[in-house]
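Working from the sequences, and respecting the hints, build out all of it.
In order, the protein sequence lines correspond to chains A and B.
Just so we're aligned: the first sequence equals residues 1 to 234 in the working numbering.
Just so we're aligned: the second sequence equals residues 1 to 289 in the working numbering.
Keep in mind that the hints were calculated from the coordinates and are not lab data.
Since the structure is predicted, the reported quantities are computational estimates derived from the model, not experimental observations.
Please note: incorrect hints may appear among the correct ones.
[As the list claims (entries may be wrong)] Straight-line Cα separation of at most 27 Å, DSSO-like style, residue types lysine-lysine; simulated pairs:
id	chain 1	residue 1	chain 2	residue 2
1	A	Lys146	A	Lys2
2	A	Lys146	B	Lys6
3	B	Lys250	A	Lys121
4	B	Lys253	A	Lys121
5	A	Lys121	B	Lys109
[Stated by the list, open to error] Quick list of simulated restraints, FRET-style, between CB atoms:
id	chain 1	residue 1	chain 2	residue 2	range
6	A	Ile52	B	Pro245	28 to 38 Å
7	A	Ala182	B	Arg155	33 to 43 Å
8	A	Ala41	B	Arg155	21 to 31 Å
9	B	Arg11	A	Ser126	14 to 24 Å
10	A	Leu26	B	Gly118	34 to 44 Å
11	A	Leu123	B	Glu164	19 to 29 Å
[As the list claims (entries may be wrong)] One-sided and incomplete, this derived list gives chain B residues near chain A with beta-carbon spacing under 10 Å:
id	residue
12	Arg10
13	Ile23
14	Ser65
15	Ala224
16	Leu271
Even glycine gets a Cβ: it sits at the ideal position worked out from N, Cα and C.
For reference, the chains in residue letters:
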Amino acid sequence: MKRLIPLWITAVAGIVLIISYFIPPLQSWGEDAAIWFDVLAGIAFILGGGNILKIHLKKISDRVPGWGFSVILLTAFLLTLFVGLSKIGVHPNPLYPTYAWSGYYRQNGTPFWWLYEYAFKPLTASMFAMLAFYIASAAFRAFRAKNIEAVLLLGTAFIILLGRTFAGVWLTSWIPDDSGFAGLKIENLTVYIMQVFNTAGSRAIIIGIALGIASTSLKVIMGVDRSWLGSGEA
Amino acid sequence: MYEFLKNLDRRWIFMLMLLAVAIPILFELTFPEKPTGLAQAVFDEIEALDPGDKVLMAWDFDPASEGELGPMATAFTYHCATKGLKLYYMSLWPVGPQMVDDNIANVIKTDFPDLVYGVDYVNLGYKSGNEAVIKVIITDIRGLYTTDAKGTSIRDIPMMQGIENIQQMDLIINISAGYAGTTEWVLFAVTPYPDIRLVAGVTGVQAPLLYPYIPEQLPGLLGAIKGAAEYEKLVMDAYGGDIPPERKNKYLKGKLRMGPQLIAHVLIIVLIIVANLVYFTGKRRGEVS
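Take a look at the structure:
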């Protein structure tokens, strides 16, 4: 039963979505299924939160190496959750003044706003910015013109890297725009590579992925592929 | 020198990258921009709209990609507000509404103080469900959105009167940093309903994957900072004349960020060339197989 019910839910939802797409009068069935999905996605946040608590409380309890990070994570998680859900410092929405919790959760000056502005925002931006350093280091260590394929890849990379800046325009500015060689200007080569070679390759990959998704989805809907149900062990 | 480069400590590379990015930022190094066809197409799609037309601003990004996508978000809002379009902001990302709020505070409240919230622009906020959200609001926006991001009932928002679904929008502008984003808007909005017009601004890593949808499903695309800088130039050339110089810089962030990008790209090319010289020298000496 534990496996049968999810299999039936998947099969019914999958079939409803497929027939609602191809049979216009049944379109509203698909919309209802999508709304159920959106509600479930909201509930998934609660499950996700519960999972974080479970995993990290166990790490703290077992004193596994690095358990201190779990303490920091849980403290940040619970603090943010508390100030966000309880809307500390939030004034009621002027349209509904009698409802204490009707205000905007991210009202300026509130603790939740402060956490977002001065903790979340700079931390995530810094994490992303650090990629530049690792890309430079990886470029130095990984790209080697060992064979023809690597030379082609490097040549293309150089054209795109230059073509995405003014350096590309400047380097080939001596080629007249109206000459027969204008296509060799780096900015034009960049556009050509992106719109022809890249598009051709991407389309082939996308079509392949779509076919793979269709066949995998059918297997899941039919109950042939049950790997997504897990092993059944808690 | 060979030995030094062969065993180069990566902290030297980190320092070079820091200088390559910091110096152009500090000296505000800028270069001219020449808009490509895709940036022009984005500009033309918005230009084709009339005052009062409805635009769905789907801001699907977060602070991590603000550096790359923030400038185009600013330029989009400025362009649309200048043209007198009705702006409906929403997001498929949990912190997207905050990005919208920042955008509204930075552009609309500063430079368009006459625009009224709920009449000229609205922040509908975030809904969970990724592409399933698109699938619902494409036919029934009230099935999911009962309030805006601030908790005000949709019924009390004047510009939401008569809006039943997003097929009523004259244009969708999507800014995307990944999943859910432009691909999902193409697959679940534009493909089943081809009358919907969509233009997008995306991160550099996403752009190559979206070219296959150009031009039928995606008439215009801005790729990363370069795309933002090109679009900014088009917008500022057309509508930037009246902005005081002290306020103009915020509409040229893309152009300002192209300075560090140029130096960083050149540095990466130099690093690859040097690394290959070291490799082939080592090979000639028989130190590398």
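Now for the hints, and whether the structure bears them out:
no.	hint	result
1	A:Lys146 / A:Lys2	54 Å, violated
2	A:Lys146 / B:Lys6	17 Å, holds
3	B:Lys250 / A:Lys121	19 Å, holds
4	B:Lys253 / A:Lys121	18 Å, holds
5	A:Lys121 / B:Lys109	21 Å, holds
6	A:Ile52 / B:Pro245: 28 to 38 Å	49 Å, violated
7	A:Ala182 / B:Arg155: 33 to 43 Å	57 Å, violated
8	A:Ala41 / B:Arg155: 21 to 31 Å	25 Å, holds
9	B:Arg11 / A:Ser126: 14 to 24 Å	18 Å, holds
10	A:Leu26 / B:Gly118: 34 to 44 Å	36 Å, holds
11	A:Leu123 / B:Glu164: 19 to 29 Å	40 Å, violated
12	Arg10	5 Å, holds
13	Ile23	14 Å, violated
14	Ser65	7 Å, holds
15	Ala224	8 Å, holds
16	Leu271	4 Å, holds
This entry does not satisfy hints 1, 6, 7, 11, 13, going by the numbered hints stated previously.
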